[in-house]
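Participant: Each chain, written out:
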Amino acid sequence: MVTAIELRSVGKSFESGKETIEVISDITLSVDEGKFVCVVGPSGCGKTTLLRMMCGLLQPTSGKVLVKGNPPDPKKNRFGVIFQEDSLLPWKTVLDNVKFGLEVTRNKGNTDSIAREFITMVGLRGFEDYYPHQISGGMKKRVAIARAMAVDPEIILMDEPFADLDAQTRQILQKELLGVWSRFNKTVIFITHNVDEAVFLGQDIVVLTKRPASVKATVNVELEYPRARLSPPFISYRERILKYLQEEITAL
Amino acid sequence: MERIDQVKGILLGVLSLTVFFFIWQLIAWSLNSPFLPGPYEVLQAFGRISTTGDIDGYTLPSHSLTSIYRVALGFGFAGLTAIPLGVFMGLKSSVRSLSTPIIEPIRFIPPIAWIPLSIILLSGLWRYIFLIWIGAFFPILLNTIAGVKRTSPVLVDMAKTFGADSSTITSRIVFPSALPEIMSGLRVGLGVGWMCIVAAEMIGGDPEGLGRLIIKYANLLQIDVVIVGMIAIGIIGLVLNYGILTVEKRLFKWRVEVKA
Numbered sequence: 001m002v003t004a005i006e007l008r009s010v011g012k013s014f015e016s017g018k019e020t021i022e023v024i025s026d027i028t029l030s031v032d033e034g035k036f037v038c039v040v041g042p043s044g045c046g047k048t049t050l051l052r053m054m055c056g057l058l059q060p061t062s063g064k065v066l067v068k069g070n071p072p073d074p075k076k077n078r079f080g081v082i083f084q085e086d087s088l089l090p091w092k093t094v095l096d097n098v099k100f101g102l103e104v105t106r107n108k109g110n111t112d113s114i115a116r117e118f119i120t121m122v123g124l125r126g127f128e129d130y131y132p133h134q135i136s137g138g139m140k141k142r143v144a145i146a147r148a149m150a151v152d153p154e155i156i157l158m159d160e161p162f163a164d165l166d167a168q169t170r171q172i173l174q175k176e177l178l179g180v181w182s183r184f185n186k187t188v189i190f191i192t193h194n195v196d197e198a199v200f201l202g203q204d205i206v207v208l209t210k211r212p213a214s215v216k217a218t219v220n221v222e223l224e225y226p227r228a229r230l231s232p233p234f235i236s237y238r239e240r241i242l243k244y245l246q247e248e249i250t251a252l
Numbered sequence: 001m002e003r004i005d006q007v008k009g010i011l012l013g014v015l016s017l018t019v020f021f022f023i024w025q026l027i028a029w030s031l032n033s034p035f036l037p038g039p040y041e042v043l044q045a046f047g048r049i050s051t052t053g054d055i056d057g058y059t060l061p062s063h064s065l066t067s068i069y070r071v072a073l074g075f076g077f078a079g080l081t082a083i084p085l086g087v088f089m090g091l092k093s094s095v096r097s098l099s100t101p102i103i104e105p106i107r108f109i110p111p112i113a114w115i116p117l118s119i120i121l122l123s124g125l126w127r128y129i130f131l132i133w134i135g136a137f138f139p140i141l142l143n144t145i146a147g148v149k150r151t152s153p154v155l156v157d158m159a160k161t162f163g164a165d166s167s168t169i170t171s172r173i174v175f176p177s178a179l180p181e182i183m184s185g186l187r188v189g190l191g192v193g194w195m196c197i198v199a200a201e202m203i204g205g206d207p208e209g210l211g212r213l214i215i216k217y218a219n220l221l222q223i224d225v226v227i228v229g230m231i232a233i234g235i236i237g238l239v240l241n242y243g244i245l246t247v248e249k250r251l252f253k254w255r256v257e258v259k260a
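Chains as they are written, first to last, in the UniProt record's numbering: chain A, 1 to 252; chain B, 1 to 260.
Watch out, some of these pointers could steer you wrong.
[Unchecked claim] Derived pair list, reagent style PhoX-like, types lysine-lysine, alpha-carbon separation capped at 25 Å:
(1) 249/B / 92/A
(2) 64/A / 92/A
(3) 253/B / 92/A
(4) 92/B / 140/A
(5) 18/A / 249/B
(6) 18/A / 35/A
(7) 175/A / 210/A
(8) 92/A / 18/A
(9) 8/B / 149/B
(10) 216/A / 64/A
(11) 18/A / 140/A
(12) 216/B / 92/A
(13) 216/A / 35/A
(14) 249/B / 149/B
(15) 253/B / 140/A
(16) 35/A / 76/A
(17) 92/A / 35/A
(18) 92/B / 75/A
(19) 35/A / 64/A
(20) 64/A / 75/A
(21) 210/A / 64/A
[Unchecked claim] For the chain A half of the interface with chain B, some residues (derived, Cβ under 10 Å), not all of them:
(22) 100
(23) 103
(24) 140
In case anyone wonders, no lab produced these hints; they're calculated from the structure.
Where a beta carbon is used, it is the ideal one built from N, C-alpha and C, also for glycine.
With the hints as constraints, model all of the structure from the sequences given.
Facilitator: Okay, structure coming up:
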């Protein structure tokens, strides 16, 4: 197995006035190529900071982040990052939003037909000329997924992407995401505070401690896809992870 | 329903204009003063100035075009200077800190106060360009800064994760996202600039321009022509404003329309 991304005793603190706030104390983990890994942790534990370090938006204070052996650099690596907030350009149509990533990554070839292909993949054929304000929250996420996938990313990083959606739409998008993942065999790192979501999606689940975060446990979910939410093993995985999280929350 | 509302709006507009002219006529009659002509006399003066011209032979359209030309130049310069500076100031807080102590006090000097200096220091068309520039510059600058600062950080992050460099982020994220604010700055700037030109022409020596027309006839105590000039200024200002509004609506289809 080839390692897609590796974190070696990564720590991160922020200066806030005179104070130094340690957000991440020591995280070591390694994700093999093609894996779907979920990261869960109590809210405010630095999950987003972790993700931002993985794509080079932030530099670690200590330790090392390595993507295929080198520090992450969006100018060299190709990342597909999907944010919790709406990150579509409101002045561009669905098609132009999907093309945006391709154009910025200086992708040679026909950006138009690649973009259309991925719009079709996420089921938005016919919505190419719509503006973001004309489509629903779930559709916006699909556009963001199409935009990320279109650049043929080495790693897909998702930061609580479905947190703002209603429960139904969220479950639909989770299934669609698994479909996209198994089809393209991409490495996915998916951050969430939703345990149910993590057990439904992840092959491995990394549980973080409260702030300053370190790895509390790594759980390997040995369940076939598609996973049945009501099956006893699914529930027992959920209970196990919830227990880890509760220990962290009550430790506050 | 929308059609009916539209027709109703137009009818109400016509009604209010009719009432306005009626009251004006009534006051003119009752005062019976040579210094307050009624609407009909103003209309006659309008016809006279439009076709045969004023005492120097300049017609109303040529006065108007001269004023519009001056405003267009000054406004153009204002846009070309204020937008890049505003983007720069919006992006870099150090530039903002450096320029604020100079810009802030200057901003509160009314354009009219610059007239003497501009008459002494500049000549010809440049006087007018300078005064329009002073008037139009600040609304454009301040709106541009505000628009740039309001750029959503997640959009910037998104572009960064795709490997965008800072010039790409400025041109493809920050500028388009600030554009609605920039356009409203341009609209306000054009309005202020238009008001400045008239004031400038009243004082500047050139025989052409709507401001000059008003002064010439004020000196002759021919108030009907003065009012013609005033109405022309008002209507042209309205049309300019409406023009930019139309461009704004076209350009910003993507914005969710806020309904009152």
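Participant: For each hint, tell me whether it holds in the structure or not.
Facilitator: Now for the hints, and whether the structure bears them out:
At roughly 15 Å between alpha-carbon atoms, residue 249/B and residue 92/A fall within 25 Å of each other, so this suggested pair holds. Taking the CA atoms of residue 64/A and residue 92/A, the gap is near 37 Å; set against the 25 Å cutoff, the hint is violated. Straight-line distance between C-alpha atoms of residue 253/B and residue 92/A comes to about 10 Å, which keeps the hinted pair within the 25 Å bound. Distance hint between residue 92/B and residue 140/A is unfulfilled; the C-alpha atoms sit about 31 Å from each other, more than 25 Å.
For the suggested pair residue 18/A and residue 249/B, the alpha carbons sit about 48 Å apart, so the restraint of at most 25 Å is broken. A threshold of 25 Å between alpha carbons decides the hint, and for residue 18/A with residue 35/A the separation of about 41 Å lies outside it, so the pair is violated. With a CA separation close to 29 Å, the supplied pair residue 175/A and residue 210/A exceeds the 25 Å bound. For a cut-off of 25 Å, the pair hint linking residue 92/A to residue 18/A is broken: about 42 Å separates their Cα positions.
About 41 Å separates the Cα atoms of residue 8/B and residue 149/B, which puts this hinted pair outside 25 Å; it is violated. Annotation: proposed proximity of residue 216/A to residue 64/A holds, straight-line Cα distance about 19 Å (limit 25 Å). For the hint linking residue 18/A to residue 140/A, the alpha-carbon distance of about 40 Å lies beyond 25 Å, and the restraint is violated. Of the supplied pair hints, the one linking residue 216/B and residue 92/A is violated, its CA atoms being roughly 52 Å apart against a limit of 25 Å.
Pair hint residue 216/A plus residue 35/A holds up; C-alpha atoms about 20 Å apart against a cutoff of 25 Å. Distance restraint check for residue 249/B and residue 149/B: the Cα-Cα separation of roughly 22 Å lies within the 25 Å cut-off, and the hinted pair is therefore satisfied. At roughly 18 Å between alpha-carbon atoms, residue 253/B and residue 140/A fall within 25 Å of each other, so this suggested pair holds. Restraint check for residue 35/A and residue 76/A: satisfied, since their Cα atoms lie roughly 22 Å apart, inside the 25 Å limit.
Distance restraint check for residue 92/A and residue 35/A: the Cα-Cα separation of roughly 33 Å exceeds the 25 Å cut-off, and the hinted pair is therefore not satisfied. The suggested pairing of residue 92/B with residue 75/A holds, with an alpha-carbon distance near 23 Å, which does not exceed 25 Å. Pair hint residue 35/A plus residue 64/A holds up; C-alpha atoms about 21 Å apart against a cutoff of 25 Å. Distance hint between residue 64/A and residue 75/A is fulfilled; the C-alpha atoms sit about 18 Å from each other, no more than 25 Å.
Of the pairs offered as hints, the one joining residue 210/A and residue 64/A holds, with about 21 Å between alpha carbons and a cut-off of 25 Å not exceeded. At a threshold of 10 Å, the smallest CB-CB gap from residue 100/A to chain B is about 8 Å, leaving the interface hint in force. With a least beta-carbon distance of about 8 Å to chain B, the hint placing residue 103/A at the interface is held under the 10 Å criterion. Taken as an interface hint, residue 140/A does not check out: its beta carbon lies about 12 Å from the nearest beta carbon of chain B, beyond 10 Å.
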